[in-house]
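Novice: Single-letter residue listing:
2 protein chains.
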Amino acid sequence: MTQEELMREAVRLAVANVQAGRGGPFASLIVRNGAIIASGTNLVTSANDPTAHAEVVAIREACRMLGDFRLSGCELYTTCEPCPMCLGAIYWARLDRVVYAATRDDAARAGFDDGFIYRELCVPASERALLMKQIEREAAQEPFRVWEMQEGRVRY
Amino acid sequence: MTQEELMREAVRLAVANVQAGRGGPFASLIVRNGAIIASGTNLVTSANDPTAHAEVVAIREACRMLGDFRLSGCELYTTCEPCPMCLGAIYWARLDRVVYAATRDDAARAGFDDGFIYRELCVPASERALLMKQIEREAAQEPFRVWEMQEGRVRY
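If you're matching them up, the sequences are chains S and X in order.
Each position in the first sequence, counted from 1, maps to that position plus 60 in my numbering.
Each position in the second sequence, counted from 1, maps to that position plus 60 in my numbering.
Check each hint, because a few of them may be wrong.
[Unchecked claim] What follows is a list of derived Cβ distance ranges for each label pair: (1) Met125(X) <-> Glu211(S): 18 to 24 Å; (2) Arg205(S) <-> Leu190(X): 43 to 49 Å; (3) Leu190(X) <-> Arg215(S): 19 to 25 Å; (4) Arg215(S) <-> Lys193(X): 26 to 32 Å.
The hints are simulated quantities; they were obtained by calculation from the structure and are not laboratory data.
Note that the Cβ used here is the ideal one computed from N, Cα and C, for glycine as well.
Based on the provided sequences and hints, a complete structural model is requested.
Specialist: Following this line, the structure appears as structure tokens:
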């Protein structure tokens, strides 16, 4: 399948997702060597899971299938520019490339304001609308110390 | 429980998570009216899920318990400053507040470099290390059009 055919398949999944009442108008594919190995659609409202964006659902499904927490060698096709949560997930999954179609401005016009979250993430915590408070920093070093000493720890 | 007691409970969960070999040195609690309603630890390597950070696991568990995709009225306690993926999830979950202990610099010293992802998210796509390509923008407007016309759609 060409890149355009892959993206049009993702668009079809996104339309079907809305029509079935499963969630928002978004779908993603995980592609390896030109073949689709997993897909995901937005399931936030039907699964009661605010993290069930199409990209996250597709990444989780591909990892489950491959039995690996890394997707090196794979690409993500997604109908819309990823939100910060999904972009973070893309980095942690070590995907090689992202191909997207609609932009964050298109999403904002449809009522999905990722732009707000992008702005919040890129300012210091003290300037965010979200209240953040730090306590007990010293006590929280203990998990790191135990981690460093743990034999057989699996880095990710 | 006081804020400090809640955080020390999260630290205990993070230490136990490492000792059990379930994943990285992180744990989170979802707290409502001063009581813990859900918890989560990092399960990335044991669940083969790169999105299974403590915050995401705790948010998903709390939503499952409450049968809601929003956690308004709840607070997140987490042993370390959230990475961009988790901070995005916190916004989407509509949590009231985040209380954290260790900083992203502490995490980086232990080998968890969220700072890299924060830098990547805050620059234009063309300046990122991650390859991103846009195609088929017009075709990808169709899911939004279907969404706007869909009766009974559930916004999130």
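Novice: Run through the hints listed earlier and report the numbers of any the structure violates, in increasing order.
Specialist: 1 and 2
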